[in-house]
Amino acid sequence: TNEDQNLEETITDMGFASLHLLLFSRSNVQLQKKSQEKDVIQEVLKTHKAIESLDKSVSMLQKQLSVRQSHQQIVDVATTNTSTEGSQRKKVFMVIGINTAFSSRQRRDSLRDSWMPQGEKLEKLEKEKGIVVKFMIGHSAVPHSIVDKEIDSEDAQYKDFYRLDHVEGYYNLSAKTKTFFSSAVATWDAEFYVKIDDDVHVNLGMLASTLALHRHKPRVYIGCMKSGPVLTKKTAKYREPEFWKFGEEGNKYFRHATGQIYAISKDLATYISNNQPILHKYANEDVTLGSWFLGLEVEHIDDRNFCCGTPPVCEMRAEVGDVCVASFDWKCSGVCKSVDRMWLVHAVCGEGDQAVWDAHLLRLEKCVWRHSTGSAVGYANQLKECGWFMPCVEKVTKLCGMQICNFFR
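Under our numbering, the final residue of the sequence shown carries the number 409; numbering is consecutive throughout.
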């Protein structure tokens, strides 16, 4: 009937309307979900950017804190180290830091029994000649450990240690060197700062006399200059992890003093102290020190008297009065079997116990050109009048050329 047909059409129309409404609802829900997902992504991005900004701020604050802590450490060392009395720096001629380790007691004793003064003589050397000689050592990773207590006991007996705020370790030598110079500058007002390994023989009088020749120079870096290969193999003892910074494979390092012994003047030690938080450390300590002076107005002095060989090399020189500043064996990076041989090297290559007390640490004032000819022997009398002994004649003539040098105390 017509009524039934109309009813069917109505139901059909309602079905289409319901279906349309259902589809619209689902589409609207999907649009809402997409909008919500987009909002969530935007919130995540905002949060990520906020975290990055916070990370940068934290990193900057950490760097500032590190610089302040490093500066405070220098101040703390100056006021708390047992080697000084009071907060004022003591003015001396040179400070010698002998690098040593917890396990090197026998090496230290071999130096005490040979070229290093002990007890009252060590104190007298500082008071009368302005020469400070100390074994430099840090502390273990575990506070107040057995090895730390052993050093405390040894220091109480000999009073010849300079304690550093540094964790000991072979691969921390670059950091230890930086800490030593920074701490020493804060403790003593010296004209020169010297680093020596504990398996090297040294003639203190000749070392002092040699450095005295360069007192008039503001920035000097003295030692046996070398330029070894940059080692890249992982199995190499002195491998340089940052070898790529030195150019192509097979390249050599820039010129730097060999690590057994070297000396730097006050200005350079102060430079290290002032800039220690930002000075980069390479794997090898001697390379690291040399890198700090690149780009600076520094005079590199290559003095081969700082790296004489052990007997018979240094013995033959000592026999003619031309004693070496330092002696060691290149193949061992120090005196081979130093615990057993140091006394022998000292016996035949030493300058004599009185030499360091007789050394006149005169300041070079000026050199007056002498036009007449003459030999180094001809200048000997002039130098003797100034208190210099014969081994210095050659050094002075090299420094001044064919000149007569006037000195004052």
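Source of the hints: derived by calculation from the structure; they are not laboratory data.
Fair warning: there could be bad hints in the mix.
To be verified - The calculated lysine to aspartate or glutamate pairs, modelled on EDC-like cross-linking and capped at a C-alpha distance of 16 Å, are: (1) Lys129 with Glu168; (2) Lys226 with Glu123; (3) Lys91 with Glu120; (4) Lys129 with Glu297; (5) Lys281 with Glu242; (6) Lys266 with Glu285; (7) Lys90 with Asp113; (8) Lys91 with Asp109; (9) Lys217 with Glu123; (10) Lys252 with Asp267; (11) Lys124 with Glu285; (12) Lys337 with Asp109; (13) Lys226 with Glu285; (14) Lys129 with Asp358; (15) Lys234 with Glu249; (16) Lys217 with Asp302.
Inset, instruction - Sort out which numbered hints this structure fails and list those numbers smallest first. - result: Of the numbered hints given earlier, those the structure breaks are 1, 2, 3, 4, 6, 7, 8, 9, 10 and 11, listed in rising order.
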